[in-house]
Amino acid sequence: MSTKKFSKGFLIRHLILAVFFLLTTYPLLWMTLTAFRSEGDALQRPLGLPARWVLSNLQEVLRSGRFAQAYINSLLVCVVAVFLAISCATLAAYAFARFNFRGKNFLYVLFLMGLMIPVHVTLIPLNQLLGADMLGLKGSLSALIGPYAGFALPVSILILRRAFEALPGELLDAATLDGCSNLQVLWHVGLPLAKPALNTVLIFNFLTMWNEYAFALTLLGASRQTVPLAISEFKGEYDLRITVVCAALLLVMIPLIVVYAFAQKQIIRGLTAGALD
Amino acid sequence: MYHITVNLLRRQRKNFSLQELVIFLLPAFAIYALFVLAPVFLSFRNSFYYWDSPLSEARFCALQNFRLLWHDPVFWSALKHNLLLLVGSLLFQLPVALGIALLLNYPTWGRGFLRTVFFTPMIIPSSAIAVLWQYIYEPHNGPLSALIRYFNPDFAYAWLSTPGSSMFWIFISICWQYIGFHTVLFMAGLSTIPDELYEAARLDGASEWQICRRIVLPCIKPTLYVSATLSIIGSLKYFDLVYLMGAGLPDSSREVLATYVYRLAFDENQGRYGYGSSVAVLLFILALIIVIPLQTRKNQP
Chain A
122 MSTKKFSKGF LIRHLILAVF FLLTTYPLLW MTLTAFRSEG DALQRPLGLP
172 ARWVLSNLQE VLRSGRFAQA YINSLLVCVV AVFLAISCAT LAAYAFARFN
222 FRGKNFLYVL FLMGLMIPVH VTLIPLNQLL GADMLGLKGS LSALIGPYAG
272 FALPVSILIL RRAFEALPGE LLDAATLDGC SNLQVLWHVG LPLAKPALNT
322 VLIFNFLTMW NEYAFALTLL GASRQTVPLA ISEFKGEYDL RITVVCAALL
372 LVMIPLIVVY AFAQKQIIRG LTAGALD
Chain B
3 MYHITVNLLR RQRKNFSLQE LVIFLLPAFA IYALFVLAPV FLSFRNSFYY
53 WDSPLSEARF CALQNFRLLW HDPVFWSALK HNLLLLVGSL LFQLPVALGI
103 ALLLNYPTWG RGFLRTVFFT PMIIPSSAIA VLWQYIYEPH NGPLSALIRY
153 FNPDFAYAWL STPGSSMFWI FISICWQYIG FHTVLFMAGL STIPDELYEA
203 ARLDGASEWQ ICRRIVLPCI KPTLYVSATL SIIGSLKYFD LVYLMGAGLP
253 DSSREVLATY VYRLAFDENQ GRYGYGSSVA VLLFILALII VIPLQTRKNQ
303 P
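Sequence lines, in order, name chains A and B. Just so it is clear: in the first sequence, position 82 is 203 by the numbering used here, and no numbers are missing. Just so it is clear: in the second sequence, position 93 is 95 by the numbering used here, and no numbers are missing.
Some clues are possibly wrong.
Label pairs and their computed distance ranges (CB to CB) [said to hold, decoys possible]:
| hint | chain 1 | residue 1 | chain 2 | residue 2 | range |
| --- | --- | --- | --- | --- | --- |
| 1 | B | Pro141 | A | Leu256 | 42 to 48 Å |
| 2 | B | Arg151 | A | Asp360 | 41 to 47 Å |
| 3 | A | Pro289 | B | Leu85 | 46 to 52 Å |
| 4 | A | Ser261 | B | Leu23 | 30 to 36 Å |
| 5 | B | Arg216 | A | Leu236 | 18 to 24 Å |
FYI, nobody ran anything at the bench for these hints, they're computed from the structure. All C-beta atoms in this analysis are idealised placements derived from N, C-alpha and C, irrespective of residue type, glycine included.
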């Protein structure tokens, strides 16, 4: 067997994978190195290691204070919108899984249709709806909460309904027979048992909202930015200063990559959940 | 199991009150109706109005917007770009992802680590990916040009500001973002194939290529289907990368439908809500026409 282990196929396979590994990581590596270069160095020798490692780029980004504020904004919006979406989706998914009522299938299909609606179809109407004439939220962070929660519902309801249907029905029925209302059954029996699905939905929605760009671009003003909006605006202002923008990119990506390194399995499962179930 | 449970419940007395039904369904429905359904309907309504500025009154104009669209070269180029990206995803992105997944299906050094690394671009905001790749493609000091100049000192090419080919380079960065995602999907599909199947085929003397064609591909057909559906839906939704990376180009070579909607309605000096909505409506209809047959076929065994 040991001779077969290093056969030609084995080497070619690892060579291709190594090339693909480089293609995936090199842009990120180049960005990281550039963030620590001096500006002259980046212009003259864009490849290779920095001639001298400097922290001034990162310091300049931190001094601008843009990303601290953007992180707070993103956190506020995502936490509220995720909480809203998951609580509503849980209730609805439980009803779809456990109740039989007229129009159930129609309503469910209506929710699932949301999976294929491109969000950009709604940009103009949401701008009207949230604008000064109607809800008057445009420009503030709260303008994002409704659209984020609304578009998070279809996939959340889909995953949670399947999770509730996979629970042993007798268990839930027994709780009902003991005199629990459906809300109590959901709270005391359904939720604890559906925890893995809730985690999945939580991760999926949080990351999707954290990285969302089009709604933030349309509905927020220059003074209130989420992280994805802040980085593109920052590039607009500092366009020619590659090293500073790369430092900003680093500050945007590092927290995500650190969290990912610690919870890769859950995050991969979360982001592929809608597709793999 | 599911059917048994449902049948049991059906035979049972109703296990909920009307009040409960409302408490459970109303919050989700209200949010969904207000922020998803109503905007779609409003888009349809807007598309029948002449409305050239948010400040002016909208005026009913029947199908005038759609007639304009028919003669609008930017609209057709946007549609063409969407379809090209769609075909590109199916013919390039998915096969590459499948290939990588097949390679990783053999015993491989650092398999789990590679899977994690390949998936990484999916967790990064796509606006950050767009900014990063704009520098990668930077014609003077960008790493790509510098790398090529290492071998050919006279090399000069403006990757993202050459009309006609810039969309291809944007497509490459889209692939960078999504190939890892599809690789992970395919790996999950491949892991459902029992080892005995491979062993049996090898004992029968099948070549690796035959195993791949006769066993692997038929077994992961459901995954192929899901992957294809996701990249089709995805290619109609491209916005972030195309919008940010194509900023410097003339109208007719930078738009996809989603970015055209945005630019018509919100870019400086535009504010064409009515006309923009008619593009949005066509985007919506296109998504339905392409996706509904896929979904209904998927639900049939």
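Quick rundown of the hints versus the structure:
1. Against the hinted window of 42 to 48 Å, the Cβ-Cβ separation of Pro141 of chain B and Leu256 of chain A comes to about 45 Å, which satisfies the hint.
2. Checked against the given bound of 41 to 47 Å, the beta carbons of Arg151 of chain B and Asp360 of chain A, roughly 22 Å apart, lie outside it.
3. A hinted range of 46 to 52 Å holds for the C-beta pair Pro289 of chain A and Leu85 of chain B, which are about 47 Å apart.
4. The beta-carbon spacing between Ser261 of chain A and Leu23 of chain B, approximately 34 Å, falls within the hinted interval of 30 to 36 Å.
5. For the hinted restraint 18 to 24 Å between Arg216 of chain B and Leu236 of chain A, the CB-CB distance of approximately 34 Å leaves it violated.
Consistency with the previously given hints fails for numbers 2, 5, ordered from lowest to highest.
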